[in-house]
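Work out the full structure, taking the sequences as your base and the hints as a guide.
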Amino acid sequence: GAVVSQHPSWVICKSGTSVKIECRSLDFQATTMFWYRQFPKQSLMLMATSNEGSKATYEQGVEKDKFLINHASLTLSTLTVTSAHPEDSSFYICAPPGPINYGYTFGSGTRLTVV
Amino acid sequence: AQSVTQLGSHVSVSEGALVLLRCNYSSSVPPYLFWYVQYPNQGLQLLLKYTTGATLVKGINGFEAEFKKSETSFHLTKPSAHMSDAAEYFCAVSASNTGKLIFGQGTTLQVKP
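One line per chain: the protein sequences are V and R, in this order.
Each number in the numbering used here comes from the position in the first sequence (counting from 1) with 118 added on.
Each number in the numbering used here comes from the position in the second sequence (counting from 1) with 1320 added on.
If you are wondering where the hints come from, they were derived from the structure by calculation, not from laboratory data.
Some but not every residue of chain R turned toward chain V, in silico, with C-beta under 7 Å:
#, residue
1, Asn1361
2, Gly1363
3, Leu1364
4, Phe1423
5, Gly1426
Here the structure is a predicted model, which means the values were calculated and not measured.
Just so you know, even glycine gets a beta-carbon here, dropped at the ideal spot from N, CA and C.
So this is what it looks like as structure tokens:
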């Protein structure tokens, strides 16, 4: 099956700084990447869909300027949390969709803590 | 629009007992249904999926689920719980026309010795 590498697995940053999260597809080419956010003890909420070579599509209520998504190549999608605040502390997970009936292969997730 | 409801945010069973995690869905198109398991601070692992064909699907680790269209349900079961089954379980639905996965609220499974 597809192999996805997400980095870093955890990060602590100060309020006001920016953090970049990388998601790499190691054995296939991903033209699309879904980015999810999961607050403690809650479900996964789709934030946005990155598209290789074009602008990302954001879900309603997600701030585009705060969560910058770039999909520069077929193997790399990045999520940058800009001017992070404590309320941005969460678990962020990427998932490149495969064939619709295969489900997703999720990255291992990134635990972001903003202090 | 699609949605998923998992009944019971927390389920506790004894080791060796039957595991039953409930999931109901809403979809205006034929759904694809999935169950995922998540261990603390990890990503999600696919347990099993229903797309078309046989309504009783078997997955990894002894889990299975049955798609019941008339009841709009996709409950997850395992005959005998192991301590290692303790985790968070998510039911999800996907539409063929969007590819997006919509997740339920999750159910925490506790297994008592």
